Structures are given as C-alpha cells and as structure tokens.
Amino acid sequence: MTLTAEPGTPATTAPPRPPQPLRHRLAERGVDWTLLLILPAVLIIGALFVYPFLYGLSISFQPLEGGDPLANYTDFFGDPYLRDSIWKTLRLAVPVAVLSVAAAAPLAFRMRRDFPGRRIVTLVVLLPLTFGSVLIAQGMTQVFSPTGWTNLLLTSLGVPQQQFIYNYTGTFIATTLVSIPFAFVMLMGFFGGIDRSIEDAAATLGASRAARFWRIIMPLAVPGLITAFTLCLVEAFAVFPSAILVGQPDNATHVLTLPIYQAASQRSDYPAAAAIAVVMTVLELVILGVLMLLRNRLYRGPATGGKG
Amino acid sequence: MSVAEQTTGAGTQGSTFGSLQMRQVSRWYGKTAALTDLDLELAHGEFVALLGPSGCGKSTALACLAGLQPLTTGSIWRDGKRIDSLPADKRGFGMVFQSYALFPHLTVARNVEFGLSMRKVPRAERRRRAQAALDLVQLADHAGKLPSQLSGGQQQRVAIARALAIDPEIVLMDEPLSNLDAALRIEMRTEIKRLYQERELSVLYVTHDQEEALSLATRLVVLRGGRLEQSGTPEQVYTQPASAYVAGFMGYRNMISARVEQVESDPRRVCVVAGDLWLQGTADPAAGLRAGSEVMVAIRPEDIVPGRAGVNDVPALAEVVEYHGRELAVRARTERGVVLHFRTEKPVAAGARVTLGAPEERVLVFPAEGRAEVPDDAHG
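Line by line, the protein sequences are chains A and B.
Just so we're aligned, residue 1 is where the first sequence starts under my numbering, counting upward by one.
Just so we're aligned, residue 1 is where the second sequence starts under my numbering, counting upward by one.
Please note: incorrect hints may appear among the correct ones.
Claimed, not checked - Listed next, with one range per pair, are the computed distances between beta-carbon atoms:
#1 B/211 with A/213: 38 to 44 Å
#2 B/28 with A/218: 31 to 37 Å
#3 B/148 with A/154: 52 to 58 Å
#4 A/40 with B/138: 52 to 58 Å
#5 A/40 with B/28: 47 to 53 Å
If you are wondering where the hints come from, they were derived from the structure by calculation, not from laboratory data.
Note that this is a predicted model, so its numbers are computed, not measured.
A virtual CB, placed ideally from N, CA and C, is assigned to each residue, including glycine.
One chain only, chain B, in its complex shape (with noise of 0.2 Å):
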C-alpha cells in the first residue's frame, strides 16, 4: 500500500500515531496519591493492559490520559508533543466505559454518529460509517432502538463502536467487560481482540482480570498502589512475576510463608523450609536471600502434581474436591497443616491421602512481604 492510499483511506489516521507517553505522572486527591510517578508508554499498535486490583490507580491513569482528570505532577506526551493541558475533547482517543455511558436519549444510531456530528463531517457521511461501525459490532438491526431497549452486551458493542466511529488513533477502555455476565465476557473479549486485529488499533485496557489481560494483551503493566510493578509480555509477567504480589495477581493461587534454608552455589536455587513443607524452588538472585530469611513462596496450582515421585514431594490429605469439568481443583493440608491448592485429572476423593511435588524451576521464591497487600480477589 502506498503512502498516499494509507492517508488518504478512511481509518488510516491511525498511521500518523507513533507513541503515547506517561512522564512521571502523579495524581493526588486531597493527602491520598492515585498515582506516583508513573510512567507508561503506549506504542503504535500495541495492546496494553494496565492490570491491578480497585484502587491501584489504573482507571485514574486512564482518565488521566484521556484528559478527564488534571494531573497533579509529570507530562502526558504523544509523538513528541505535550499534551496533557489539551482539554478531552481536543485528544481524540476513543473511550469506552466501564459503565457504557451511552446517550440514553438518543438512539444508537446517533449514539455512534455522535463523535462525528462534533467532527461536522457532513450528514451522508456520518451515517454511512454509523452504519460501517454498527456493523463492525454487528448492531446494524438495531440502529433505531435506545440503549435502554438493549440487553447490556448489545449496549457495550454500541459503547465500542461509538468509540471507534470516529476512527481514533488511540483507544481507551476502561474495564468495558466487567459488567457482563461471564460468558457474555468472554464472547465480548474475543469480539474486542478481532476489532483490535482488523483495524490496527492501540490500545490501553484497564482490568483487574488477569484472565482478560493475558488473552488480550500484548504487553502486561501491573499497577500497585498508584506505582508501575512489572511491565513485560503476558508470557513474561505470567511465567516470571516479578513481586509475590504479582504472582498472587497471576494466578499462583498457593501463596506459602516460608524461610530460606539454604542457597546453593547458583544464587537462583534455594531451598526453603515451611513447617513440613522443604522445597527446591527457584528465586532472583537479585533479591539476594540469605539462610534466614523470610520469603514468600508462590505455586500455581496446575504447577503441583500429586503422585511424583521426585523432588519437592510432600504427602498431604485432600480435604475439598471442586469438580472443574475436565479436571478437578483440590485443596490439600499437609501434616503440619500447610495448604495446597492443585488441579489434577485423576480421580481424587475427599479425604484420600496423596503425594504432591512440583517441579523446582515452577516454585517461585519472593522475599517476604506484607501477604494482605496481595489481593484476594485476584484468582482466577
């Protein structure tokens, strides 16, 4: 395609966009910080999911972005040029709501044509691609209805096609599916990922779903506390979290206090002791443990495998049997009474008696820190 095909078709303003950067952004409200110095950049055609539980500052650095909040210190930079004293409506990002914030007085038809009518694109126009942005979502029988005629994963799809009406470089979403029930979630996630293919979006997703993140992002920022934890690929932040609060975010449900034993002659492997839990696991030689000291071990449960015989094995009661379908979820108790959560697709009972180990590079050793700040609602 040539360069004068890319500027001049519709929806090619996108090619003009390079970066979008956070500088050392802070957001006070009153004594408390939503944010602290954080820095996020967002390049042309990336998918970025900013992870992190209620009140990490995620959604405030997204309203940030989108000039519906003033910063209280840093920048707001895109392709070189300072924006953040731009007022919202002259930014140009598309944005979608968590609480879909549709027009409920105008139908969605004019809903989706509403960014564009602004835009003073002529009247022919503007509803020829209401029309194509409609069927995008695949919407277009029900251009003439109100949202409130709609169920709420129809008034979502019209939210992101309003959005993406008006062709933006940059779209915003902030936690658009957590009002869905869940399998309308998951057809809706798949429904975001194809538009973000088709149309060569960028985009900056906010979500307390590591699920949702993991399978839609194509680089992973976690938030904690209004700081930047861990920023990597989903595989990287999934396989290597950075923090034991990371890892509790992604899923490594068996979060164990323990204390080092011993570190071996590699400062990666340690052996760490947990009442009568003794386990080889694997650690950052960064964090520079030490015999003694208080750590935090993190095991997912699919990473723990009963019956191995090998390194790691542990004998322990199975106490409650969660029927998953293709696999069971089972809560374990040592002897010593440590818990274990693990997946297994063998027939196990409550109150049988099994083995559990689990390979040494998967035993991830943090040192200690505050357990309560790991949130609970980060299992998946």
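One chain only, chain A, in its complex shape (with noise of 0.2 Å):
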C-alpha cells in the first residue's frame, strides 16, 4: 500500500511527524531540572536514615550468640516485661494525641478570627515546641517538687501533697506540653483553609452556630483533626527523654524506646536493639495505615465554596 492521500479525502495515515526532542518528553513527564530541589531532603534522609534503617532491620535477624535468626524477635515477645512496654507505650501515646488535638482544635479554630492578644497567646501556645522536652522536663522537676507551686497550692487547699512526677503523670504531662503546640501548628493550616464565607452562607440559611459548627466545620476539619492526631501519635510513641527524667522509676512508664536504650548503649547488644526498634516501626506503620485508610474514606477536597 502507498501512502497517496487523494486530493480532499483525509488521509487515513497520519504522517510520521518527527519525535518531539528528549527534553520535551522528559518534561511532560515532570522530568526537569527543578527535581535537584529534592535532592538535599533525599540525600540526607537515604545516606543518614534509610540506610542504618536497613543495617539495623538486617543486623536484627543476626542475633549477637549466632543461631535461630529470630532469637531475638521471640526474646522480646518472649519476655513479659519486654512485651507489656508495646502497651504502654499505646497507653501513654493514645491519651497524649487526644488529648493534644483535643485542646489544639478549639484553639486554632478560634485563632482564625483576630481578637485581642492573638498574637501572645500564639507565642505563649509555640514556645514549649522552642524548649523541647529535656528542658520541660527539668523545669518540671521543679514545678512538682514537694515546693513547687503546684504542690504549695494544693496544700494550702488543704489537698494532700501529690506525685506528679516519676511517674506515668509526669511523662503523659511532658509529653502533652511539647504535643499541644505541635497540633496547634498542623490545626491551624487546616482550619485556616476552610473558606469564612462558607459558615456565612450557612448562618444565612438558618444554621446555628453549633449546626454550623456540627454540619459544615467538623466534616471540612475532620480530615485534618486524623492527620494532627496520627503526628502527635508517632510523636509520643519515641518519647524518651521524658520517660527518663519524668517517668522512672515507674514501670507504667518503660515504654519501648527505653528497652531500644537499655539493649544498645547498656548491653551493647545492637542486635537486639534493632529488633525492638524494628517492632516499634512495624506498629507505629500499621496504626499510620489504618488512620490514613480512614482519612481517605472521607471527605477530602477542597474546604472552599467555589472562587476566592
């Protein structure tokens, strides 16, 4: 067959046109020279995370005595105390994300309209985030101490002097202080971007304020209150320095970044350590699994009502 098209009969076989040049190609495909932005991120996480992450996943089915190589997963599952501390780690970062999202949601939903003070109480809220929880938790020590305004304020209430600290109190205490900023930080993007005129026009067809608060921001915010909530989750489940400072010697407290601790710099046993670390991993991905699964059932467009 020739390729003849006839005068005013649209030829059936396109021409070949010639191909478009590689960088064309490339950039359709979002192959440009702006990807070198992600190359720092990349580099450092791959060379400084990834890749121990992946030696120690290995090294923890090398047990240090030889043998089964999952010696050292059936030790941990093996060992009532080693095991509980999966529980106890849930206990205390379950209550600490509620907790955190609960108080940071009110607050950053506020916070989108001005009122007098917003920007002090913006800072005041922030600045446990600036302190990090080693300092909060010696200033606490403080605070808590049998002198500590706390305990002077109790007593003169005629309240018995309490334990606030070495305990489960005082690392659930530490841990909500640095959390609380932290959702606040996430809550407020996501409230700031649902669209003002969207609760106007709800009060305009005779929604009341909990009717607008109930139908319109909850299921805009929803989306965002699980993602705050799953941060703040990972966040409280490697707490560690304030399991120490604030929570020893209490046993509610030996969550299991502790035994990651004692195996590695106390026993040297890297091994082992790696294996907790390992367990520790596998549940914070499932729990982020499930969280997102459920985020993705909802809701998740836009929070705008057209054109802004």
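Please dock the two separately framed chains into a single complex, following the hints provided.
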C-alpha cells in the first residue's frame, strides 16, 4: 500500500511526525532541572536514615550468639516485661494524642479570627516547642517538687501533696506539653483553609452556631484532625527523654524506647535493640495505615466553596 | 388570587414583606469608616442595585443587612420591627456570595436542601423543593455531584438555587457574577432577571459593574466612600448623574477639567472652556456655578457625533481606532491636546482629521472635585 492521500479525502494514516526533543518528553512527565530541589532532603534522609534503618533491619536477624535468626524477636515477645512495653507505649501515646488534638482544635478554630492578644496567645502556645522535652522535663521537676507551686497550692487548699513526677503522670504531662503546640501548628493550617464565606452562607440559610460547627466545620476539619492525631501519636510513640527524666522509676513508663536504649547502650546488644526498633516501626506503620485508610474514606477535597 | 391562596401557596411568604430599611448605619473597622450614616430602603418587589468601586462599602452594607457583621451605629428595620440584633441565622434572607460559598463536602442536592433541613422541613418535602429549585436553574441532572465537579457558572447557579430553596422574602446578592467570564456573566444576568420576575422576589444586589446594575435593577444606589451618592431609577442615574463621580461610573468616559466662561440667563445653560474646546453644556442650577468656576465636564462617547455642524464643534485628529463590530471606538485629540473618546458607525482611519460635536443637553457640567476619586475601572 502506498501512502498517497487523495486530494479532498482525509489521509487515514497520519504522516509520521518527527519525535519531540527528549527534553520536552521528559518535561511532560515532570522530569526537569527543578527535580534537583528534592536532592538535599532525599540525600540526607537516605544516607543518615534509610541506610542505617536497613542495616538495623538486617542485623536484627543476626543475634549476637548466632543461631536462630528470629531469636531476638522471640526473646522480645517471650519476655512479658519487654512485651508489655508495647501496651505501655500505647497507653501513653494514645491519650497524649487525643488530649493534644482536643486542646489544640478549639484553639486553632478560634485563632482564625482576630481578637486582642491573639499574637501573644500564639507565641505562648508555641513556646514549649522551642524548649524541647528535656528542658520541659527539667522544669517540671521544680514545678512539681514538694515545694513547687502546684503542691504549695494544693496543700494551702487542704489537699494532700501529690506525686506528679517520676511516674506515668509526669511523662504524660511532659509529652502533652510539647504535643499540643505541635497539633496546634498543624490544625491552624487545616482550619485556616476552611473558607469563611462557607460559614456565612450556612448562617444565612438558618444554621445556628452549633449547626454550623457540626454540619460544616467538623466534616471539613476531620481529615485535618486525623492527620494531626496521627502525627502526635507518632511523636509520642518515640517518647524518651521525659520517660527517663520524669517517668522513671515507674514501671508504667517503661515504653518501647527504654529497652531499645538499654539493649544498645547498656548491653551493647545492637541486634536486640534493632529488633525492638523494628517492632516499634511496624506497629507505627500499622496505626498510620489504619488512620490514613480512615481518612481517605472521608471527604478530602478543597475546603473552599468555589472561587475565592 | 385570594388572600388564603397567597398565604398557603409555596413561596408566597414574600407577601408578608413590606420594606427593609437601614437607618443611619455606620460601620467602622478600627479607625476607618466603611459605611457612614447610610440610609437604604428595599421595598417589596424592588430590585435595588448597590453600585460603587471596591472599597465604597457596598459589600459591608450587605453583610450588615445579612447579620454577618455588626453595626457600629444605626439600625435595621423590617416592616417596623428592629432586626439589627437578630443573628444571621434568624433573619431568613437568601444570600448569594461572590465566591459561591457552596459546601464542598455536600452534593449539589444536599447543598440546596441545607436551608430546608435547618428549618426542619420533612425529608420528602425537602427533596421535592430542592428538586424544584434545581429545576429553576436547570441543574436537575447534576443533583448528585459535588460542587467541585461543576463549572463556575453551574456552581453559581447552585448557589442561587440554594438561596431560593428556602423561599426567602429578600434575596441579597454580593457580586454574584464577578467571578464568571464575560459570556457567562451576560447569560447569568438574564437568568437572574428571569428568576426575579418569575418568583416576584425583592432583591438587593451589590455590584461594581454599571452595565449589570442598569440591566437588572429597578432602582440604583451609588455609594461613594461609605456614603450614599445618588439613588434613583436606572434611567435617572444614567442620564442625570448627580456628580462627576457618578458620571464617571456611568460610562461618561470623557471627563474633562474645564472652567466656566459664562452662565446664561437660564442658569442650566453654561459655557465652559478647556484648552481649545469651547462647549455649551448643561448644569444643575443648584450647583451655583459662576464665571470662573472650576468644573468637570462629562460626555459619553456615544453622545459625541463626528462631522456634526452645529454647537460645540471642534476639529480633532483620530489617534486610536478600535473595531467593536457594529461601531468603532475612537480616541481623538484636539489641536491643543484635549483627548476625546467617541463612537461612530462610519469608517474612520487612525490619523484622519474629524470634526466632533455634542448636543448641549448631553454635555454635563459638574463642580470640580478630586478627579482621583472617580474610579478608573468604571468605564464599561
């Protein structure tokens, strides 16, 4: 068959077009020089996290004494004290994440609109982030000491002195203090993205303040709440300084990071430490996966009502 | 139709509405006034357009009426009852927003039903009325979609259906068409007018577009810096603007600074001069113009006639010619540099010499005021 198009009849076979330059074809798939922008972070994380992580994963199957590659795991799950640190971690991290989101959400919601002192409130709420958990835990040993203001206040009110530190409560408070500003920063973004005119529209349609909150704001904010909860949970999962500084010697604060530290730094048993770290990671990934699955089932589109 | 029928039929709650009034309303943001002592009335069946440039306070006025913003001073009355302390959700106005403000997580049908479910309307009736409202804006086929799946024009129609589904007595519209492209805007404008006529609505409509205001409204209210500048029928405001500011907004593209040469025995007739331009014009006697007064002359491009022998003739050079289909829009310059815009159906080439004239009654003379206050974006 010859490729001669009759005049007036459309050619059935398009003449072969010269291929586009490689640069255009790559750009169409999103490959161009701006990809270099991802390089610094990817390099740092790859070299200093991914590689050591994979290394840790592999040595966790090489016990110090040799033999069964799963020995470190069977040891961990076989020892009730070690095994229980999973529940201890969850018992700390879940309430911390719940309380953080519950406290930060109304704050972030109201911070969308101005009020006198708004900037100062923002600053004060964010301050714990800049201190970090070590400084906060050290400060707490003073605040909650028998002569700290909390106990002085309690005794002056006739309430017996309370032990707030060196136990679960201490670790819980220290972790939550850092977690609330963390949740607040994230939720500010989510609530800020909800178009104000949507609320106004709901109001003109007869929705009371409560109806506006439950029917409009909440459905649009839930994905953000779940994301904030997830990240707070992951943060609290890795709690370590406050578990030591204001948690010990309470058994209830023997969270997963402690046996890891003990195995690695005190017994120099890196394979055992790695094995517990892997357990912790898998646990976190499962929780993350479930929460993200839940989030994906909800409305996730834009929180604006049209053109802004 | 009997009274009984009127009060029982769907959507006839409007028959109870007489008038809505803002009295001496001011609204301050910190130290700047968005509204100052504004009096505004919307009577039953009226379509009032609030017109002005951005920042003139028109959207603030609407938000105050809707209860979305508190008044600093003044009051709002409806049929003799004071309503300005009533929250927005108790006022029962339908409102259409510039940004559409649809609920992004609800389907089109649920958006339209929202106001009805807030009123505890039973589900079956809610469905039926939402369906009717969607039929009205010809979007019944899209009931199950999310707003983000619709085009801009469709979204705005959903917003209108949502506002109308509650059978509001008063509909407030805040620049509902300004986010749409030109062709859609004109189509939706006709749509809004149709709904207004069919449903016998009372509408307060905020816009910065004079064409929109003129084509829709039964009455026009021009705002300036938070104050009322002029109120009247579209024809009154169009043909007899009360000030140079309003004229600038009403398509009087030729705004020429001039000086009064002479006031005739009829104080409406004045002779003004600007460069080599000597014009016989018309002024409001109440303006108190005298020989030597600084004035602003306003002439519409379509009122300047090329090749006209008679009053106000001046030779000029056509500089820029724009093709507008049926006619040409020309910018010309007189020998001493006065720029004149005019329209003509006759062919004119750039660089051609023309003689321009304008009828005396269409040359409007106003006392001079800061030209800077006349909006730049007001020329349609």
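| Is it true that the C-beta distance of residue 211 of chain B to residue 213 of chain A lies inside 38 to 44 Å, as the hint says? | With Cβ atoms ~41 Å apart, the hint holds.
| request: Could you see if the CB distance from residue 148 of chain B to residue 154 of chain A stays within 52 to 58 Å? | output: holds (54 Å)
| request: Could you tell me whether the CB distance from residue 40 of chain A to residue 138 of chain B stays inside 52 to 58 Å? | output: holds (54 Å)
| Cβ-Cβ distance between residue 28 of chain B and residue 218 of chain A: within 31 to 37 Å? | holds (33 Å)
| Is it true that residue 40 of chain A and residue 28 of chain B lie within 47 to 53 Å of each other by Cβ? | holds (50 Å)
Taken one by one, the earlier hints all hold for this structure without exception.
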